[in-house]
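Undergrad: The listed protein sequences correspond, in order, to chains A and B. Mapping of the first sequence onto our numbering: position 345 corresponds to residue 345, and the numbering continues sequentially without gaps. Mapping of the second sequence onto our numbering: position 144 corresponds to residue 144, and the numbering continues sequentially without gaps.
Read the hints as simulated data drawn from the structure, not as lab findings. Here a beta-carbon is modelled for each residue, glycine too, at the ideal position from N, C-alpha and C. Warning: the hint list may mix true and false statements.
Stretch-level coverage of chain B by chain A, calculated; a stretch enters the list once three of its residues show a Cβ under 8 Å from a Cβ in chain A [what the hints assert, rightly or not]:
#1 6-14
#2 46-58
Derived DEER-like restraints, expressed as beta-carbon distance ranges [to be verified]:
#3 N67/A - A125/B: 58 to 68 Å
#4 N57/B - K370/A: 34 to 44 Å
#5 E4/B - K178/A: 45 to 55 Å
#6 K193/A - A125/B: 24 to 34 Å
#7 D70/B - G110/A: 33 to 43 Å
#8 D70/B - S562/A: 48 to 58 Å
#9 S24/B - H344/A: 56 to 66 Å
#10 N295/A - G13/B: 28 to 38 Å
#11 K64/B - A192/A: 18 to 28 Å
#12 P176/A - S103/B: 24 to 34 Å
#13 N57/B - Q456/A: 58 to 68 Å
#14 N67/A - S24/B: 55 to 65 Å
#15 D70/B - H344/A: 40 to 50 Å
#16 G490/A - L127/B: 52 to 62 Å
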Amino acid sequence: MSAELTGAEITIRCLQEEGVNCIFGYPGGAVLFIYDELFKQDKVRHILVRHEQAAVHAADGYARSSNKVGVALVTSGPGVTNAVTGIATAYMDSIPMVVISGQVPTNAIGLDAFQEVDTVGITRPCVKHNFLVKDITELAHTIKKAFYIASTGRPGPVLVDIPKDVSQQKTKFVYPDKVTMRSYNPVTKGHAKQIKKALELILSAKRPVVYAGGGVILSDAAPQLTELVQTLNFPCTNTLMGLGGYPATDKQSLGMLGMHGTYEANMAMQYCDVLIAVGARFDDRVIGNPKHFSNENRKIIHIDIDPSSISKRVRVDIPIVGDVLEVLKELIKLLKTEKDKPDHVVLKEWWKQIDLWRERDCLKFDRKSKIIKPQMVIEKLFEITKGDAFITSDVGQHQMWAAQFYKFDKPRRWINSGGLGTMGFGMPAAMGVQLANPNGKVACVTGEASIQMCIQELSTCKQYKLPLKIINLNNRYMGMVRQWQEFFHGNRYAESYMNALPDFVKLAESYGHIGIKIEKPEDVGDALKEAFKLKDQLVFMDFITDQSENVFPMVPGGKGLSEMILV
Amino acid sequence: MENEAGALSRVAGLFSARGYNIESLSVAPTEDPTLSRMTLVTVGSDEVVEQVTKQLNKLIEVVKIIDLSDGNHIERELMLVKVRAVGAEREEIKRLAEIFRGSIIDVTDKSYTIELTGTSEKLDAFLEATESNAVLETVRTGASGIGRGEWILKV
Numbered sequence: 001m002s003a004e005l006t007g008a009e010i011t012i013r014c015l016q017e018e019g020v021n022c023i024f025g026y027p028g029g030a031v032l033f034i035y036d037e038l039f040k041q042d043k044v045r046h047i048l049v050r051h052e053q054a055a056v057h058a059a060d061g062y063a064r065s066s067n068k069v070g071v072a073l074v075t076s077g078p079g080v081t082n083a084v085t086g087i088a089t090a091y092m093d094s095i096p097m098v099v100i101s102g103q104v105p106t107n108a109i110g111l112d113a114f115q116e117v118d119t120v121g122i123t124r125p126c127v128k129h130n131f132l133v134k135d136i137t138e139l140a141h142t143i144k145k146a147f148y149i150a151s152t153g154r155p156g157p158v159l160v161d162i163p164k165d166v167s168q169q170k171t172k173f174v175y176p177d178k179v180t181m182r183s184y185n186p187v188t189k190g191h192a193k194q195i196k197k198a199l200e201l202i203l204s205a206k207r208p209v210v211y212a213g214g215g216v217i218l219s220d221a222a223p224q225l226t227e228l229v230q231t232l233n234f235p236c237t238n239t240l241m242g243l244g245g246y247p248a249t250d251k252q253s254l255g256m257l258g259m260h261g262t263y264e265a266n267m268a269m270q271y272c273d274v275l276i277a278v279g280a281r282f283d284d285r286v287i288g289n290p291k292h293f294s295n296e297n298r299k300i301i302h303i304d305i306d307p308s309s310i311s312k313r314v315r316v317d318i319p320i321v322g323d324v325l326e327v328l329k330e331l332i333k334l335l336k337t338e339k340d341k342p343d344h345v346v347l348k349e350w351w352k353q354i355d356l357w358r359e360r361d362c363l364k365f366d367r368k369s370k371i372i373k374p375q376m377v378i379e380k381l382f383e384i385t386k387g388d389a390f391i392t393s394d395v396g397q398h399q400m401w402a403a404q405f406y407k408f409d410k411p412r413r414w415i416n417s418g419g420l421g422t423m424g425f426g427m428p429a430a431m432g433v434q435l436a437n438p439n440g441k442v443a444c445v446t447g448e449a450s451i452q453m454c455i456q457e458l459s460t461c462k463q464y465k466l467p468l469k470i471i472n473l474n475n476r477y478m479g480m481v482r483q484w485q486e487f488f489h490g491n492r493y494a495e496s497y498m499n500a501l502p503d504f505v506k507l508a509e510s511y512g513h514i515g516i517k518i519e520k521p522e523d524v525g526d527a528l529k530e531a532f533k534l535k536d537q538l539v540f541m542d543f544i545t546d547q548s549e550n551v552f553p554m555v556p557g558g559k560g561l562s563e564m565i566l567v
Numbered sequence: 001m002e003n004e005a006g007a008l009s010r011v012a013g014l015f016s017a018r019g020y021n022i023e024s025l026s027v028a029p030t031e032d033p034t035l036s037r038m039t040l041v042t043v044g045s046d047e048v049v050e051q052v053t054k055q056l057n058k059l060i061e062v063v064k065i066i067d068l069s070d071g072n073h074i075e076r077e078l079m080l081v082k083v084r085a086v087g088a089e090r091e092e093i094k095r096l097a098e099i100f101r102g103s104i105i106d107v108t109d110k111s112y113t114i115e116l117t118g119t120s121e122k123l124d125a126f127l128e129a130t131e132s133n134a135v136l137e138t139v140r141t142g143a144s145g146i147g148r149g150e151w152i153l154k155v
């Protein structure tokens, strides 16, 4: 008979069984037994962050860049409430994650105990699912379920709340090989008839566009998407979450679409006759005003694993519910046996139109400026890293410039908070990326406002020698807020100016890192080159950029996709 | 849905978070104690009802959903209503209860409590037929629904 283990031991054993080798967390009263077990083993490495929000972002970055389930461990009460921003961030972007939280002992639940919150209640709207484990004999099975739910179907964060007494009690440990749940059976394969119908429509298209989202990245379907698009010679645009799903340097790429998408991508979306949406969800930042979008007559094919994403904002003609990877494989197989081919003559006309839109050169900026243009910093970053770095970002103008000017050719290289738009995401996420990819070049593109929301993590980076390259596009404004105030609020810059900024060079140095301040355009390239040469050091680059630069093109909120403000 | 703690909160939370209406909701364990059955009445356009159904299906504890209004079904709601019953009113209310096929289940010298079952419309009609200041208290369960004949929701 196997010996009995404590709940804490079981928790760690479950993580080992799941092949988890790195978790992010912060200890506290309710998780002390679990931390004690962590201490006694060396298979699961624990990264101590400086704030629970960062633990969850780091687990998130780890998951996004590796396609493994990210794991965070936090204590009860404030540990959990601090983690909520991170959990909601992962939820909005469908990131597979398991969060383990401590809870007060079962006999204290509901009595307003010290560091007690209703964790399951607080996190319910921002998790895929959550559990409170009151019975030690259910613990292993519940953790198995958590990993299963987090990583299958449309992925998402799952939280397991473990009361302190449960982590102390003992039971026999049996880790199930698999779990089945009668109420949870995500579809993977697409409906064959629907796929056939989709192919017919694809082959009849005169002005087709492939619109690819984060689903392509999440299901690891970038090679299949690329094969399909290139076989068909169709144009392809990627969402913010989908960047890297199709190589951005390829001639068939229209770049990103949406609120700050390219002119050609948005015009092609608006005026295509057949739209093939792959793992994307027609959200407000992508299609703008749904009425304006639906005014044009086009047929829509929508491939998505989540039925509730289909016909949510835009009615679609051919829905295909299934895993993007499986459906694309089927589609390619079918296409190869199909005698009909897309009409090259008609497609040529469409490409001609697209080239005319491209001539608008919508991403142009003043390259002769005496002040550093943020776009130029990203272009240089792309050049110097040869497009091969992992780029995380915070939220705001810098995020959009990174998305526009860093040409992502590979999936899982662009790590940003697309759905929730969480400032403070970039640096902790980069820590997770670096830990998942110890030899990878990892840069965090940020701004002086965002970076201060999780600046304490510079300390974590020192402790674990994480050689991140921080690209701080410092315009002394909350740039995106200022841009909206300039466009829509009569230049009244209410509270968007950051007075009393720290000296970032000294700040980085005080944490034991290298800080550089760059003020002239001609120094940008050298600074980046130097920074990436320092392979074992975190380098904080403070680029003093043009304060008045705006992100173009821009589709103002509530407007249609073709109603862009251009440079 | 799974008969588990918190399942009901997930359903209720989903409706408030996404701005859907709940007209009524009734829930209890079934003959299989691991399952609960919930009848939820909501109003919305076809698009909204489609979204409600899809979103509910995404909840991990929801096993199966049917839209009863897609086919022939029966709906019943239970109401307990306490009415003032003094003097001549006593006979009149008794008669009214009979017409609505209700039964008087509690009697005092000043009041009757009537048990009434039917569609929500029938219960509304009873209340309309009763003099409004005579109604002392009402409690309703919300509708429970079931498909007719061969139309069976079973896991």
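Undergrad: None of the hints should be skipped; say for each whether it holds.
TA: Against the structure, the hints come out as follows:
no., hint, verdict
1, 6-14, "holds (count 4)"
2, 46-58, "holds (count 7)"
3, N67/A - A125/B: 58 to 68 Å, "holds, 60 Å"
4, N57/B - K370/A: 34 to 44 Å, "violated, 58 Å"
5, E4/B - K178/A: 45 to 55 Å, "violated, 21 Å"
6, K193/A - A125/B: 24 to 34 Å, "violated, 48 Å"
7, D70/B - G110/A: 33 to 43 Å, "holds, 41 Å"
8, D70/B - S562/A: 48 to 58 Å, "violated, 39 Å"
9, S24/B - H344/A: 56 to 66 Å, "holds, 59 Å"
10, N295/A - G13/B: 28 to 38 Å, "holds, 35 Å"
11, K64/B - A192/A: 18 to 28 Å, "holds, 24 Å"
12, P176/A - S103/B: 24 to 34 Å, "violated, 52 Å"
13, N57/B - Q456/A: 58 to 68 Å, "violated, 41 Å"
14, N67/A - S24/B: 55 to 65 Å, "violated, 44 Å"
15, D70/B - H344/A: 40 to 50 Å, "holds, 46 Å"
16, G490/A - L127/B: 52 to 62 Å, "holds, 55 Å"
When held up to the earlier numbered hints, the structure conflicts with 4, 5, 6, 8, 12, 13, 14 and fits the remainder.
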